[in-house]
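In order, the protein sequences belong to chains A and B. Each residue of the first sequence is one higher than the one before, counting from 272 in my numbering. Each residue of the second sequence is one higher than the one before, counting from -14 in my numbering.
Derived from the structure by calculation, the hints contain no laboratory data. Ideal Cβ positions, reconstructed from N, Cα and C, are used throughout, including at glycine. Worth double-checking, as some hints may not be accurate.
[Stated by the list, open to error] Among chain A residues calculated to face chain B with C-beta under 7 Å, some are:
(1) VAL288
(2) GLN303
(3) LEU304
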Amino acid sequence: MNVVEATATSGAVLGVVVVILLQQLGLLPLSQLLPAVITFLVAVAVGAILLGVVGWYVDRH
Amino acid sequence: MARHGSLAIGLAIALAASSILGTGTVGAGSWGRGEAARPSGIEPSDGLSTNVTWNGVGIGQASSAATAFVIGPGQSANVQFNYTEARGTAPVTNASLVLLYLGLTLSSVSIPTTTPAPVGGWQISWTFGSLIYLTEGVYQVDAQLLDANGSVLFQEPFYVDARAPYLVVSTIFAMAVILGLVELLWVRTVLRYRKSRQGRYRFR
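Kindly generate the complete structure, drawing on both the sequences and the hints.
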C-alpha cells in the first residue's frame, strides 16, 4: 500500500467517523435510509479525496 | 524537502482539525436542518382535526434537527394526542410514536382504545430507554393516529435529541483524534525513511 492509498483509506474512515459524530452531536439526523447512505458515501469520498491529496503531495515531494 | 514535508503535515493537521472541529459550521447549514431526511407528514383526512404536544409544546416546533426536543437519561416526556373526528367515519383507534433510524423502526409505542369515539385523546409517557448511553444523537419520531385497520390517518414527524453524559461522543472524538495522529505519524515515518534513502544514494 503506497502513501496515497493509505492516506485515502484513513480519510474514508475519518469521513464515516465525522458523520457519526455529527449525528451524535444532534446536527445530522440519519432517519431515512437513502439520505443516510448518500451522506455516508459523500463523507467517505470527501475524506478519501482530501487526505488522498495530502498523501499524493507528500509522496510527490 | 523538509520544508515541504512540514507543509504537508501542517496541511494534514489543518484538514483533520477542520473536519473534526468544524462541525459547528456544518451544523448551521442545510445538514443541520435535516430537511432532506424528513418525509412529509400525512395530513389528517377530511373532518379529522388533531393536536399533538410534547410536554405541552406543539410538535411542529421540533420540525427540524436544529429545534429538536431534548431528552436525557431517566427523563420522560408526556406526549398528548388530541383529535376530533367531525364525520364519525374511520374513527381513530390507535395512537403511536415511532422512532426511526436509517429507515428502520428503532422503537414503537402504541396505545389502542377499545371504545373509539368522535372526540378523544391519549397521553403517552415516552422515554428513550437505557440505550440512550449508546445511541445518543438526533432522531426522527413519527406521531401517528391510526384507524382499526391500521391505516395511518395522521402522521407528523418531529425530532428528538437524546443527550447522554460523555461516553459515546467523546469516545468517537478520541478515536478520530487518534486516527489522525496515527496517520500523521505514519506519513512522518515514510518521509524520514525516504529522506534517509535519498541521503544514502547521494553519498555513494
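Hint by hint, here is what the structure shows:
no. : hint   : result
1   : VAL288 : holds (5 Å)
2   : GLN303 : holds (5 Å)
3   : LEU304 : holds (3 Å)
In this structure, none of the earlier numbered hints is contradicted; all agree with it.
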